[in-house]
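Q: So you can see what is in the structure, the chains are spelled out below.
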Amino acid sequence: MRVPLSWLREYVDLPAGESGRDVAARLVRAGLEVETVEQIGADLKGPLVVGEVLSIEELPGFKKPIRHCYVNVGDANGTGEPQEIVCGATNFAVGDKVVVVLPGAVLPGPFPIAARQTYGHTSAGMICSARELGMGDDHNGIIVLESHHEPGTDAIELLELVDEVLDIAVTPDRGYCLSMRGVAREAAAAYGLPLADPALLDVPPANSYGYLVKVADPAGCDRFVARTVTGIEPNAQSPIWLQRRLQKSGIRPISLTVDITNYVMLEVGQPLHAYDRERVDGPILVRRAEEGETLTTLDGVERKLSAEDLLICDNSGPIGLAGVMGGASTEILDPAAGPGTTEVVIEAAHFDPVTIARSAKRHKLPSEASKRFERGVDPEAARAAAQRAVDLLVLIAGGTAEAGVTDIAAPHPLRTIAIAAELPDRVAGTEYGRETVTRRLQEIGCTVVGADVLEVTPPSWRPDLTDPYDLAEEVIRLEGYDNVPARMPTVPPGRGLTEAQRFHRRTGVALAGAGYVEVNNYPFVGQAALDALGFEPDDERRRTVTLVNPLNDEEPSLRTSLLPGLLGALRRNVGRGNTDLALFELGTVFLPRAEPKVAPRLPVDRRPTDEELAALDAALPDQPRRVAVALAGERLPSGWWGKGGAASWADAVEAARTVAAAANAELTVRQAQRAPWHPGRCAELAVGDRVVGYAGELHPRVIKALNLPERTSVMELDLDLLFADGGRRVSGPAVSSYPVATQDVALIVDAAVPAAEVEAALRQGAGELLESIRLFDVFTGEQAGEGKKSLAYSLRFRAADRTLTADEASAARESAVAAASARTGAVLRGA
Amino acid sequence: MSAPNKSYDPVEVEALKPEVVEQARDAAFAAFAEAGDLAQLKEAKVAHTGDRSPLSLANREIGALPPHAKAAAGKLIGQARGAVNQALARRQAELEAERDARVLVEEAVDVTLPYGRTPRGARHPLTTLAERIEDTFVAMGYEVAEGPEVEAEWLNFDALNLGPDHPARSMQDTFFVQAPDGSADSGVVLRTQTSPVQARTLLDREPPVYVVCPGRVYRTDELDATHTPVFRQVEGLAVDEGITFADLKGTIELLVSKLIGDGLELRWRPSYFPFTEPSAEIDLQCFVCRGESVGNPDKPCRTCSSEGWIELGGCGVVNPRVLVACGVDPNRYSGFAFGLGLERILMNRHNVADMRDMVEGDVRFTLPFGMEI
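Top line first, the protein sequences correspond to chains Y and P.
So this note's numbering is basically just the index in the first sequence, starting at one, shifted up by 1461.
So this note's numbering is basically just the index in the second sequence, starting at one, shifted up by 11.
Treat the hints with care, since some could be wrong.
To be verified - Just so you have them, the derived chain P footprint on chain Y, three or more residues with Cβ under 8 Å:
no.	stretch
1	1635-1643
2	1812-1819
3	2029-2035
4	2066-2076
5	2143-2154
In short, the hints are calculated from the structure, not lab data.
Glycine is no exception: its CB is placed at the ideal position from the N, C-alpha and C atoms.
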């Protein structure tokens, strides 16, 4: 809602020096969201005056028509002589009153004006168009004023070019503030000043000879006021003040009748519709649409109607989509295009908000009218609004009001709300007292009776006030949130973070400590990403949760793996020249249920049962929490200290070990094959028997498809599964202070034997004297033998209670080697 | 060496003459002093304290002396050897110190050499910002509650007093999940706020409830410098006997002082949210210009767009209808709730000009934030 300050002052006698920003600050504190205060004409400087065109000489020979004019500007130019001006517009004639800007003035832009030579003549100023004056951008021609204005009159004041406009974002509960009347009421309350209510008008009572209207759906339309005005001068223009107020409010002036209906809507908040009476066929009927009916709205679009749409009809069928948009067939005629409308029927009705909201949404037609009806219009303002429109049509359009007054009103029970007088105190945590509560409620238009319990009747324009808490809010808001004290609640002791939450944090800390940088990617994926990862057609990761209205039609699904987003971030970094990368992401993936269900809509007037709540959860996808890493380039940088190391499959696996350590879970690594990994460089990560993830180098095809650096390596694992098996409490090891005995062994095994198995066998064979085992060398080649590999281990033995003898250490070593031989076929190198 | 002197003849032994002993001692002193390095000192040590040194040889002569002379001779030699050993030790220490000093100079390095051998990582600042806020509340006794990002419409809207025709439910804001029949009527959405976690918490436990709910939420905005369709919130909820708007104010004031600092004015702006009543938007005085940029085109403020205030988030007293839908007796309990947008707080607290930097994952943006912010 755009509120010109000059217009607002008509209803509230605001202090003279109060600026738009001052008023905005007061309204903000009262709960109106004033988004901007626009300074209209702030950079405008005169002289800008009324001129009378004395002569026009058409200058031939140019690409466009050019006129050389003399204009009487009174004494405004200091000489009283006619002003010589060259003009490119043609929509004016000798004798017309126009707006002239003289040298020395500055037009909005800023655009300074000076006398200049052009088209072989002197042009000492300009004849102005509305656009040049910042009045609106829809008129190309220059402004022709009504003939009674005197040459030399200041046009800045005449055209109300300087003003301040408050742009207010009206929240859904404050429909009444979509009007000058509503905003003025808030301003009056904020300043403690009286309100001149524009809806307080003398309205003749309803009678039986008004335009015939029948309401077949009183639930959809509980009020219908109709008035008729005849004898309207079809060519009458809207006066400047009316046009200016519409323009400043963001509405384009169209024709006098339409402008008046728009003006009254802005003023009192009641959307009006004017029908060309000569084009309405018989009585008006308000009813629901029949399936398959159509209506051409005045934007020229033919609309298929739904049985839920509420219609205004005549004998010919639908002539308007109630509360949303009128029909083309009874539209007020544009006098520029033929004979204009001279007789109108004014409709001021009240419609059911939900019906209007749904129609507007269904037909994608959010109009000024529907915006107001959706949020609630004052049903009692209909009569006054219609009267105001009639008065203006009589006053400025030369019309005659017909005596008939149609007013159909469904009975409205008075809403009264019982509120404990101390409820606002209890909600705010402060003491207002009954008198303040009563006074504040009266200020917003409520009738209040009672003492400890107040019986409050809200005003007709506040349909949002329905329960005692709504009233408490009004009191607290008007008393000012700033005046509520600040206090701390007494919070009972909490249990701190859960183990899972601590683990999630630890995971992030561990990976960042290991040199990984966290990224957070959008979870949206498309077919292309899944194809690029080389998932087979029946891969379960292709079953996705899909959105109805994705941001990007190419990515309608939610991720089933963190990898697409993570690899996207990796590529983006590479593209920006960040080549050595170790990224990680913690986040959820979305796995559809085997049989997706629809979530029921549960009641809100009670707690749903546990079964009902379980049905909600059963309709949600599984959303496990995952961690993933991606590496490329150098993991250990090269430098003056020596060579670094390229990121590899091993780093990806190690990242999994890092996370497992954070979970205090024991991770088993096994050789595996799975997309999108390199078939020979893929590790399956398990805890006990449960697979929790995979790590390794990406398949070269995937690297090519996604345009990633060579040897890009990734890991992804399920934190929920890992955590479920982790978290064991560590027993403090007894640390022996006896000397260590170190023994090295080099074993030859088949190349296919996993090192993990060899190590497990060595451990088992070495027995409890083994303190630690370390693989310090691996090689294949001639020395190891065809199809074999050599694994060299360093075994450290130590006893808890004595110094081991060389024989004991050797015996343990031999036992370890024997076990490795038995289980993996290992032979001692050189043996 | 002389044979043991068994008679009582006072035998004159040349080597034990005091002047000879003195001479040998002084010769040792001189040799030590002359030794220019540890190797030379070692030679001098052998020459003057070794088995073949004059004093060692003289010492052996003592045995041949008559008993009455042994004591005096012993004392003479002993003192001389003591003095020599001390001189040796002193010189040894001197020369070692000299050597050490020289070696340490030779071993000096340029400690300003860069050493990026172990690459540093970093956590995302939105993650650590959320943790900081969580920790502030955990310290007060709150607990951290989490919930699903794909959420039932009932929990995201209906339970929070956002009826089916509420404008906030329009297709323009919410991502809807496709139903099995391909329609939009799945009853499932990407949550538009973390408030459903509050509803879940209330459905799950008896009051008193004090929780904060961090998480990712979704709205159908296009990504630009100040909007992202996927963003983070931290919401808080307190439901207890006697909770008031005043408690909300105190809590938010404490959070702001912990998170941003003291001495900044808060503006409580009445607003509208279906799930709270009364509702407020909280604005923080711009900590860069402190409001001085307002109406002052010469001193524009980028942080607050010269408005003087920075939007922190929305809050209010929990609407009793929400309590009813979640099975809490509104006659006994009341509550407050608040929601903060983390992207905006990060932008303001850390001068981030463009929200896209938080989204795109460029390591150059994230690394400086380190492990905590």
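Q: Decide, hint by hint, whether the structure agrees.
A: So, going through the hints one by one against the coordinates:
Chain P is given as covering the stretch 1635-1643 of chain Y, and this is violated because 1 residues of the stretch bring a CB closer than 8 Å to a CB of that chain, at least three being needed. Against chain P, the stretch 1812-1819 of chain Y contributes 4 residues with a C-beta closer than 8 Å to a partner C-beta. That satisfies the three-residue criterion, and the hint holds. A stretch counts as covered by a chain when three or more of its residues have a beta carbon under 8 Å from one of that chain; for the stretch 2029-2035 of chain Y and chain P the count is 3, and the coverage holds. A count of 5 residues in the stretch 2066-2076 of chain Y with a Cβ less than 8 Å from any Cβ of chain P is obtained; the coverage claim is therefore met, three being the minimum.
Residue count for the stretch 2143-2154 of chain Y with a Cβ under 8 Å from a Cβ of chain P: 0. That is fewer than the three needed, and the coverage hint is violated.
Of the numbered hints stated above, those contradicted by the structure are hints 1 and 5, listed in ascending order.
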